[in-house]
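Undergrad: For reference, the chains in residue letters:
Protein chains: 2
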Amino acid sequence: MSSAAIIVIGNEILSAKVQDENGPWLARELRDLGVELRRIETVPDEVPLIVDALQRCLKSARWVFTSGGIGPTHDDVTIAAVAQAFGRKLVRDERTLLLLRARFGSELNPARMRLAEVPEGARVEFHEGYLFPVLSLENVVILPGVPSLLREGFTRLRERFRQAPIFSRALYLGLGEGAVAEHLDATVARYPAVGIGSYPRFDEADHRVKVTFDGRDEKEVRAALEHLRALLPRGAIIRED
Amino acid sequence: MSSAAIIVIGNEILSAKVQDENGPWLARELRDLGVELRRIETVPDEVPLIVDALQRCLKSARWVFTSGGIGPTHDDVTIAAVAQAFGRKLVRDERTLLLLRARFGSELNPARMRLAEVPEGARVEFHEGYLFPVLSLENVVILPGVPSLLREGFTRLRERFRQAPIFSRALYLGLGEGAVAEHLDATVARYPAVGIGSYPRFDEADHRVKVTFDGRDEKEVRAALEHLRALLPRGAIIRED
Chain A
1 MSSAAIIVIG NEILSAKVQD ENGPWLAREL RDLGVELRRI ETVPDEVPLI
51 VDALQRCLKS ARWVFTSGGI GPTHDDVTIA AVAQAFGRKL VRDERTLLLL
101 RARFGSELNP ARMRLAEVPE GARVEFHEGY LFPVLSLENV VILPGVPSLL
151 REGFTRLRER FRQAPIFSRA LYLGLGEGAV AEHLDATVAR YPAVGIGSYP
201 RFDEADHRVK VTFDGRDEKE VRAALEHLRA LLPRGAIIRE D
Chain B
1 MSSAAIIVIG NEILSAKVQD ENGPWLAREL RDLGVELRRI ETVPDEVPLI
51 VDALQRCLKS ARWVFTSGGI GPTHDDVTIA AVAQAFGRKL VRDERTLLLL
101 RARFGSELNP ARMRLAEVPE GARVEFHEGY LFPVLSLENV VILPGVPSLL
151 REGFTRLRER FRQAPIFSRA LYLGLGEGAV AEHLDATVAR YPAVGIGSYP
201 RFDEADHRVK VTFDGRDEKE VRAALEHLRA LLPRGAIIRE D
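Going down the list, the protein sequences come from chains A and B.
Residue numbering for the first sequence follows this note's numbering, starting at 1 and increasing by one per position.
Residue numbering for the second sequence follows this note's numbering, starting at 1 and increasing by one per position.
Do not rely on the hints blindly, as some may be mistaken.
The list cannot tell twin chains apart, which means a pair is met if one copy fits it or any two copies do.
Calculated pairs, BS3-like style, for lysine-lysine (alpha carbon to alpha carbon, straight line, at most 27 Å) [what the hints assert, rightly or not]:
id: 1; residue 1: Lys219; residue 2: Lys17
id: 2; residue 1: Lys59; residue 2: Lys17
id: 3; residue 1: Lys59; residue 2: Lys89
These are calculated hints, taken from the structure and not from any lab test.
A quick note: this is a predicted structure, and the numbers were derived from the prediction, not measured.
My request is simple: use the sequences and hints to build the entire structure.
TA: This is how it looks when you write it as structure tokens:
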């Protein structure tokens, strides 16, 4: 199973103070890597809700990425939630602690010490040239919420998640969904391994429906597209890509 | 309980073909209406996953808004999922059927007839000047995924959800989170009814941390802000709003 789930953690997203960039960015990265994203959950900074989301995501996906809730303040509870979801206690990571001592010296207060706390057994990966390590525990990757830091952290690990590519094709139709549904149904029934989506437009676009075909087997994807093409009335296809 | 949850339904979001606009837009609307958004779940076009999300959201929020999965094609399964979540069967809405007959005449095929199917007992609200009705069942509001249609549908109902406003204030600090965490903890402990968030910046902004204070009681929100202000070292506050 080469699938993933994302948990976006933060009251600021739910209260619309900040628009989440991390979910859509990770979705694009995972797609490029051939990883099927199964769900995104956006939850508040509350341990029980994060634990619940983790447990559900772990059941449905091979990799779970968390975004946000990392830091020294009261609303940074992601590390504690991940530890709890796996029944681990929190321990100090000695290498992180050394770095914090070097950076803060006598200003290393209890809040900053929290930055060295990790779930017992977590992987703490330092990379040359970067200040902060990337944390993971089993198949949960714990990423910071600040978009630039999340992108940097994910990028350091990204090749680890690469799968066989997903092939994608699309037909743009001049007919409405109601006119093509029957042909879509026939194509879906014939090519169960191909993900087929139908997206109507109600604006001034050159087409009324975009039909997408996705799958790991390029030949099957093409065959599904050709199957639909053969069923459609002449002139229905505006363009394809 | 004046809270809400959003379920965004669509493989196209998870596969990053389309970036969801509806979750962030609804989050802003709900905030303006004083409604606390508790979670957003983005799930595939699969009935069991939508039913699971609905059941969870109904437990944690008064209102649940679904986005997407409405239409005549095979991947439009939201109506069926809502019916299943409430143990209702699907029935034909007669008024919708009349409108479809008027519009499509002899081209009213089985796919288009599906547009008249609603969970038994659903509210089907027509509004003067609009083509499509807004569907809801108990406290689930079923909105289309096309952003312009979702906005139009929600706007027709929006005043129904209005609550007492949420007051919000913010302090922008020149200190890092590690230097203010202790004072934040003290303020959080003293004002449990105020939601306090701490958001670090690592870019060229004029501040290093934004601290937000949210609550229904304006006096409490202000008192929490003043409490933190009194604890902070002189010069720590860059600006406020």
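Undergrad: Look at each hint and say if it fits the structure.
TA: Hint-by-hint comparison with the structure:
Taking the closest pair of Cα atoms, lysine 219 and lysine 17 come within 27 Å of each other only across two copies (21 Å); inside a single copy the shortest separation is 46 Å, beyond that limit. In this assembly of identical chains, lysine 59 and lysine 17 lie within 27 Å of each other by CA distance solely across copies; the values are 25 Å between and 31 Å within a copy. In the homo-oligomer, the alpha carbons of lysine 59 and lysine 89 lie at most 27 Å apart inside one protomer (22 Å), although the nearest pairing across protomers, at 30 Å, exceeds that limit.
Comparing the model with each numbered hint stated earlier shows that all of them hold.
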